[in-house]
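Undergrad: Keeping their order, the protein sequence lines are chains A and B. Heads up: the first sequence begins at 1 in my numbering, then just goes up one per residue. Heads up: the second sequence begins at 1 in my numbering, then just goes up one per residue.
Hints are computed from structural coordinates only; laboratory data are not their basis. A couple of the hints might just be wrong.
If chains are identical, the list can't say which one is meant, so a pair holds when it fits in one copy or spans any two.
[Unchecked claim] Under the rule of at most 16 Å between Cα atoms (straight-line distance), these lysine to aspartate or glutamate pairs were calculated in the EDC-like manner:
| no. | residue 1 | residue 2 |
| --- | --- | --- |
| 1 | K158 | E83 |
| 2 | K109 | E161 |
| 3 | K158 | E177 |
| 4 | K109 | E132 |
Here's the letter readout for the chains.
There are 2 protein chains.
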Amino acid sequence: MMQLEETQIASRTLLEGGFLNIYQDTVRLPNGGESSRVVVRHSGATCVLAVTDDDQVVLVRQWRYATGGALLEVPAGKLDVGEDPAQCALRELAEETPYCAEQVEFVMKFYTAPGFCDEVIHLYRAVNIRAESTLSPDQDEFVETVLMGRAEVQAAIKNGEICDGKTLIALQYWLSEKV
Amino acid sequence: MMQLEETQIASRTLLEGGFLNIYQDTVRLPNGGESSRVVVRHSGATCVLAVTDDDQVVLVRQWRYATGGALLEVPAGKLDVGEDPAQCALRELAEETPYCAEQVEFVMKFYTAPGFCDEVIHLYRAVNIRAESTLSPDQDEFVETVLMGRAEVQAAIKNGEICDGKTLIALQYWLSEKV
Numbered sequence: 001m002m003q004l005e006e007t008q009i010a011s012r013t014l015l016e017g018g019f020l021n022i023y024q025d026t027v028r029l030p031n032g033g034e035s036s037r038v039v040v041r042h043s044g045a046t047c048v049l050a051v052t053d054d055d056q057v058v059l060v061r062q063w064r065y066a067t068g069g070a071l072l073e074v075p076a077g078k079l080d081v082g083e084d085p086a087q088c089a090l091r092e093l094a095e096e097t098p099y100c101a102e103q104v105e106f107v108m109k110f111y112t113a114p115g116f117c118d119e120v121i122h123l124y125r126a127v128n129i130r131a132e133s134t135l136s137p138d139q140d141e142f143v144e145t146v147l148m149g150r151a152e153v154q155a156a157i158k159n160g161e162i163c164d165g166k167t168l169i170a171l172q173y174w175l176s177e178k179v
Numbered sequence: 001m002m003q004l005e006e007t008q009i010a011s012r013t014l015l016e017g018g019f020l021n022i023y024q025d026t027v028r029l030p031n032g033g034e035s036s037r038v039v040v041r042h043s044g045a046t047c048v049l050a051v052t053d054d055d056q057v058v059l060v061r062q063w064r065y066a067t068g069g070a071l072l073e074v075p076a077g078k079l080d081v082g083e084d085p086a087q088c089a090l091r092e093l094a095e096e097t098p099y100c101a102e103q104v105e106f107v108m109k110f111y112t113a114p115g116f117c118d119e120v121i122h123l124y125r126a127v128n129i130r131a132e133s134t135l136s137p138d139q140d141e142f143v144e145t146v147l148m149g150r151a152e153v154q155a156a157i158k159n160g161e162i163c164d165g166k167t168l169i170a171l172q173y174w175l176s177e178k179v
């Protein structure tokens, strides 16, 4: 296997203290040369594929300031410090939607933008979801619940209405399951 | 539909001048309150699903400094200023692997990490790929080509060896195609 490793020579802090810590590092390349790497360090997150008894997936529409628009996504959220990812998935589903789950099963985890960021998202499949009467979103979270069947999801992926990476991974996984 | 929009009140520059520009913005929330948003602005990228005549997908293994390891990914790269994304896909395939394509077809585009970043990746499907004799990677790029069949890809997704978001989207798309 080719020698690929890059090692840190120096690091300059651009931002620290929130859920994102950002550094500009100087690295040693495999050929001995130097290069610069901006690194966004993220605390990690979970997302949850929750499907109703009548085979509709639970999505949320929310404003994404960085993109300048509202996106349709699977329920997701950042891990609290020390939080178990599975617990986070249960919590986010209950916080962002009128649904909650008995338990969740791990599906996979992945890097969202490994070219500059270490964010890992843990994807879970909710088991036995049920509608709750009350919705208690975070105080600074404004989310709208949207239910979609398989055909609608396929159309929304094709026409670009669903264009969030983690959501595409979760929904392609759902569509690949044997019905 | 719920009122979801957040609008900019103020913006502080953390980094400018490279392919990542980073800001810490203050925003007005839909309920009139204020909040803070770190925004990473990215120039955009393409990735390419390239499959050989004997149904093997062309992947690259490369060091991802942010993650502290080497990842297995579809060939991908940042858009040059003003570059057509399709042209970028053809270029990256030829630069990173011993293969090149006659043309590429658009599959979909998506946000990688819309919670804090505006990066859009354009996914293309390469058409009529062929092996070239010479490999000419960028001077600061160290990449290794890996070919995988469908069963190997399914296993590598399941066991976590493939754990890059854009790559999962491209490969799930490939696996969902009728053979």
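Undergrad: Failing hints, ascending?
TA: 1, 4
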